[in-house]
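Chain order of the listed sequences is A and B.
Note that the numbering used here gives residue 53 to position 53 of the first sequence, counting from 1, and the numbers run on in steps of one.
Note that the numbering used here gives residue 48 to position 48 of the second sequence, counting from 1, and the numbers run on in steps of one.
Some clues are possibly wrong.
What the hints assert, rightly or not - With the C-beta cut set under 7 Å, the calculated list includes, among others, these residues of chain B facing chain A: (1) P139; (2) I161; (3) P163; (4) N174.
Said to hold, decoys possible - Listed below are the simulated DSS-like cross-link pairs for lysine-lysine, each with C-alpha atoms no more than 30 Å apart in a straight line: (5) B:K50 <-> A:K163; (6) B:K229 <-> B:K148; (7) A:K136 <-> B:K95; (8) A:K136 <-> A:K41; (9) A:K136 <-> B:K54; (10) B:K173 <-> A:K163; (11) A:K163 <-> B:K36; (12) A:K250 <-> A:K273; (13) A:K163 <-> B:K166; (14) A:K136 <-> A:K163; (15) B:K95 <-> B:K36; (16) A:K233 <-> B:K148; (17) A:K233 <-> B:K95.
As the list claims (entries may be wrong) - Rough simulated footprint, nothing fancy, chain B against chain A, three-plus residues with beta-carbon under 8 Å: (18) 159-172; (19) 226-238.
None of these hints come from the bench; they were simulated from the model.
Here a beta-carbon is modelled for each residue, glycine too, at the ideal position from N, C-alpha and C.
Here is how the chains run, residue by residue.
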Amino acid sequence: MRVLKLTEFVLLAVGLLAAAGSAAAQESHIGRWTGHTDAGKPLYFRYCWGCHGVRGDGNGENAPYLNIMPRNFVAATFKCRSTPTGTLPTDEDLANSIQRGLVNSNMPSWSALTGQQRADLVAFIKTFSPRWNSDKAGDPIHVPAEPAVNLEGIKRGKEIFTKQECWKCHGTEGRGDGPSAASLTDNSNLPIRPFDFESGSRFKCGTSNDDLYKIFMTGVDGTPMPSFVDVLKPNEAWDLVHYLRTLQVKRKSPELRLWESTKEGAEIVRAAKFAGTPTGSGVN
Amino acid sequence: MLVAFAVFSMLSISSSARPGSGAIGGRASFEGTPAKAHTIDMSMEPSCAKQYAKPMSAENVVTGPDNALENVVVYISAGVPDDSTPPQPAMLTQKGCRYAPHILAFQVNQDFQIVNEDQTSHNIHPLPSNNREWNKMQPPGAPPIEDKYARAEFIPVKCNIHPWMKGTLAVMKNSHYAITAGDGDFKLPNLPPGNYTITAWHESYGEQTQEVTITGSEVKTVNFVFKAKAY
Chain A
1 MRVLKLTEFV LLAVGLLAAA GSAAAQESHI GRWTGHTDAG KPLYFRYCWG
51 CHGVRGDGNG ENAPYLNIMP RNFVAATFKC RSTPTGTLPT DEDLANSIQR
101 GLVNSNMPSW SALTGQQRAD LVAFIKTFSP RWNSDKAGDP IHVPAEPAVN
151 LEGIKRGKEI FTKQECWKCH GTEGRGDGPS AASLTDNSNL PIRPFDFESG
201 SRFKCGTSND DLYKIFMTGV DGTPMPSFVD VLKPNEAWDL VHYLRTLQVK
251 RKSPELRLWE STKEGAEIVR AAKFAGTPTG SGVN
Chain B
1 MLVAFAVFSM LSISSSARPG SGAIGGRASF EGTPAKAHTI DMSMEPSCAK
51 QYAKPMSAEN VVTGPDNALE NVVVYISAGV PDDSTPPQPA MLTQKGCRYA
101 PHILAFQVNQ DFQIVNEDQT SHNIHPLPSN NREWNKMQPP GAPPIEDKYA
151 RAEFIPVKCN IHPWMKGTLA VMKNSHYAIT AGDGDFKLPN LPPGNYTITA
201 WHESYGEQTQ EVTITGSEVK TVNFVFKAKA Y
């Protein structure tokens with residue numbers, strides 16, 4: 001092994017220290033786990049840095065080949081939160097993103113890691129941005145209990161979808177082909193498509209009705225999807241959730257079954273299934 | 001010790017309270033031929049399109065007579081202390097699917113409000129590099145959206161639904177700023193004697209700085225000439 005000269009050693013030491021993160025050590029608290037930065041660091045440099053980069057800024061070795069860019073932890077703007085737009089996510093939000101992955105992107109599900117490992121990773125990720133020192137995580141929005149699914153709620157949800165102009169990006173059938181869809185860009189000015197409900201795919205930030213509620217109420221930060229928490233009342237939001245499930249014509253759900261039992265719903269679903277291939281590359 | 005304290009407190013009071021009577025004035029202009037501004041097609045939003053007798057032009061370069069350059073933010077970037085935050089909010093209005101004013105300047109931690117006077121929803125998506133990024137939906141008739149920024153920055157703001165809508169939130173460190181109008185003129189008054197760095201910022205033509213010294217109550221003239229871009 002070559003012995004380093006003194007100058008090279010000093011430079012290497014400085015480089016390693018600089019790569020260690022810009023903020024003080026953090027802890028994370030998720031359920032019964034407490035995560036620590038120094039335990040998360042070797043995990044990050046084993047599993048994450050190839051995409052997310054040595055500095056955590058999303059400029060890893062793999063990044064130039066990825067369509068949806070890896071998350072930039074230095075900027076600390078996160079898509080999947082239970083907290084209001086513009087605020088930091090909770091530790092649990094971050095652990096959920098790691099465990100679930102982000103569907104239709106290159107972020108896989110890391111369910112093979114243990115809960116303790118994910119907690120340690122969250123603690124380490126929080127050292128990439130000084131924001132975690134100056135700001136506290138936002139207060140999670142209140143998600144009231146879901147009301148029972150009924151036809152009146154679905155019909156109200158359809159009116160909300162029209163009135164709130166969701167169709168301008170998502171299209172009237174929710175295929176992601178609305179009039180504004182083709183011009184959408186994310187916060188790096190890269191093209192991005194709205195979610196295509198017709199595909200039946202899981203959402204970027206979850207799978208359940210609760211997750212869907214949080215997605216449009218907190219917005220998907222870094223993307224064109226805004227937050228509706230100041231605009232929709234909770235019962236309106238639940239009506240919208242139930243209606244949106246009926247747009248997922250390829251996914252069995254109680255909402256879809258109820259909707260198809262009506263004449264109007266059955267016609268709409270039949271037309272949606274028949275219309276052929278969706279526009280665009282299908283990347284959500 | 002008491003004398004030292006008294007002198008110190010006098011000095012610290014005087015440096016922030018004395019308004020000064022010097023001023024810096026001048027004009028922002030361009031040389032060369034600017035690219036022809038393209039017209040905006042608002043046909044996807046008829047409620048906005050019908051508000052224009054003829055289609056609006058893009059506002060990334062707005063010029064006036066005698067090569068005047070509009071929408072240049074001229075501000076003092078060094079030489080004055082940061083100012084206290086004004087209490088009244090700055091206001092950005094969305095009307096005719098356009099941001100009015102095209103550039104809204106206000107101070108760090110000063111409240112700003114965004115109102116929607118159109119019959120269509122807009123989403124307000126400021127894109128800061130050094131402040132918090134958020135994205136909120138604002139339907140017609142919704143109450144104003146209020147927020148403030150902690151750090152000085154030029155923040156692009158856009159509506160994702162209407163891709164031609166582009167504006168800038170200019171967050172300033174102090175109260176010494178001006179935005180040029182159609183004649184390209186600007187004036188920065190109330191300056192005590194001192195050495196100042198003035199910066200002029202244009203969204204397409206970049207930034208320029210100049211150094212100015214004020215010795216008394218004079219008005220120093222500083223002009224900025226930007227090179228026009230062909231496209």
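We went through each hint and held it up to the structure:
For P139 of chain B, the interface hint holds, since its Cβ comes within 7 Å of a Cβ in chain A; the closest pair sits about 6 Å apart. Here the hint on I161 of chain B is kept, as its CB sits about 5 Å from the closest CB of chain A, short of 7 Å. The beta carbon of P163 of chain B comes within 4 Å of a beta carbon in chain A, closer than 7 Å, and the hint placing it at the interface holds. The beta carbon of N174 of chain B comes no nearer than 22 Å to any beta carbon in chain A, farther than 7 Å, and the hint placing it at the interface is violated.
A distance of roughly 21 Å separates the Cα atoms of K50 of chain B and K163 of chain A; the hinted pair therefore holds under the 30 Å criterion. The hinted pair formed by K229 of chain B and K148 of chain B fails the criterion: a straight-line CA distance of about 33 Å is larger than 30 Å. About 35 Å separates the Cα atoms of K136 of chain A and K95 of chain B, which puts this hinted pair outside 30 Å; it is violated. Of the pairs offered as hints, the one joining K136 of chain A and K41 of chain A holds, with about 22 Å between alpha carbons and a cut-off of 30 Å not exceeded.
Among the hinted pairs, K136 of chain A with K54 of chain B is inconsistent with the structure: their alpha-carbon atoms are about 49 Å apart, more than 30 Å. With a C-alpha separation of about 40 Å, the suggested pair K173 of chain B and K163 of chain A falls outside the 30 Å cut-off, and the hint is violated. As the CA atoms of K163 of chain A and K36 of chain B are separated by approximately 38 Å, the hinted pair breaks the 30 Å bound. Of the pairs offered as hints, the one joining K250 of chain A and K273 of chain A holds, with about 8 Å between alpha carbons and a cut-off of 30 Å not exceeded.
Taken as a hint, the K163 of chain A and K166 of chain B pair is honoured in the structure, with Cα atoms around 24 Å apart against an allowance of 30 Å. Restraint check for K136 of chain A and K163 of chain A: not satisfied, since their Cα atoms lie roughly 35 Å apart, outside the 30 Å limit. Taken as a hint, the K95 of chain B and K36 of chain B pair is honoured in the structure, with Cα atoms around 24 Å apart against an allowance of 30 Å. Restraint check for K233 of chain A and K148 of chain B: the C-alpha separation of about 25 Å stays at or below 30 Å, so the hint holds.
Under the criterion of a C-alpha separation no larger than 30 Å, the hint pairing K233 of chain A with K95 of chain B is consistent with the structure, at around 26 Å. Under the rule that three or more residues need a Cβ within less than 8 Å of chain B, the assignment of the stretch 159-172 of chain A holds, with 5 such residues. Check result for the stretch 226-238 of chain A against chain B: holds, 5 residues qualifying (beta carbon to beta carbon below 8 Å, three or more required).
Of the numbered hints given earlier, the model fails hints 4, 6, 7, 9, 10, 11, 14; all others are met.
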